[in-house]
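Top line first, the protein sequences correspond to chains S and P. With the working numbering applied, the first sequence covers 1 to 113. With the working numbering applied, the second sequence covers 1001 to 1112.
Note that these hints are calculated values from the structure, not bench results. Please read all numbers here as calculations on a predicted model, not as lab measurements.
Straight-line Cα separation of at most 20 Å, SDA-like style, residue types lysine to any residue; simulated pairs:
hint	chain 1	residue 1	chain 2	residue 2
1	P	Lys1041	S	Leu11
2	P	Lys1104	P	Ser1012
3	P	Lys1041	S	Pro106
4	P	Lys1041	S	Thr9
5	S	Lys30	S	Gly3
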Amino acid sequence: DAGVTQSPTHLIKTRGQQVTLRCSPISGHKSVSWYQQVLGQGPQFIFQYYEKEERGRGNFPDRFSARQFPNYSSELNVNALLLGDSALYLCASSLFSGYYGQYFGPGTRLTVT
Amino acid sequence: ELKVEQNPLFLSMQEGKNYTIYCNYSTTSDRLYWYRQDPGKSLESLFVLLSNGAVKQEGRLMASLDTKARLSTLHITAAVHDLSATYFCAVDSDQAGTALIFGKGTTLSVSS
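The shape of chain P in the complex, shown without the other chains (with noise of 0.2 Å):
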């Protein structure tokens, strides 16, 4: 069965602490995306990771990915409330295709 694991769910933050987000998948994809998603909206693109090495940086965020280990993670650089949000990794299936295997979400919540 296919598997896209984030850790952790929930992650409460103080203002300017840094924190990693991991996504642990199972599938043979070398590509992997990193969604945002504010709460009732749509699926905002952070991060689209290609290859094996690659590093993405948008601001406070950084996005790596390490195909041969099946991880990704998603740092935060100190934090800002503007960062509060539901973050979701996914991957491609094993189908052919587009579709995503998404995880189940890392409600990252900061305060001051």
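Only chain S is shown next, with the shape it has when bound in the complex (with noise of 0.2 Å):
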């Protein structure tokens, strides 16, 4: 079984600029969440997913939303990008919410200039 892809692998953007980066869960999974990495550190929760419904959000300013469509895949747009939104960009997916097997993604790279 494909586990959760996600893309663009990387993706280099200019300050202002907007974004969107795409997951696709395991077959099945029907929550996703969203986890921002910067160098160096562990990885700061974004969102939480889970029917369509957003079920949790982390300390992210409004710039960050996301959406999650019927077939469980998930978006995560940025908008007015600054130098610090730079990171690895983690999804994520489980069962439902609250479960506790939580499987990652391959990470988007972005890179703001």
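Both chains are sitting in their own frames, so use the hints and assemble them into the complex.
Here's what the structure looks like:
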């Protein structure tokens, strides 16, 4: 079975631009979470979606938004990019909200110049 | 404020030696996770500890959980170069859902 997939793998954007990152969960998983990992730090929770509804939000500005589609895939949008948004963005899927098993995708490396 | 603290943050080991990484946390979660991350890669799940006293072993790694002390340990036995990576512990957030709170990670370097 395919694991969690994310696209694109790498992305370079300019300050002030907008970016959309995509994630497809493991088949049968209904919960998707997004994390930001700045170089040298642990991942920071951004959002969790379950059954197309937001179930949790981390301490990130409103420039960050996300949604989940009927097929349980998800998009993370970041507006008005700042240099500090440069990071590895990880998507994790789990069977359902609150389930202990989370599986991480390969990540999208975003560089803001 | 929810905190997950790992120590040490950097660990340089010789092959064949033993060492322990410590993870202290402040949430009320009874579940703790250990992940491994290789440079430029994603997170690989190593252990899921679901209750007080849980102990799990895989190869040269053994993880344990003491929920009363809010402490988990990752013990490395007879280190080999292939274990060089960054190790993260994480706990469930007190929020609903599956948000994880991660430590800063322990970067392990094993040399001969």
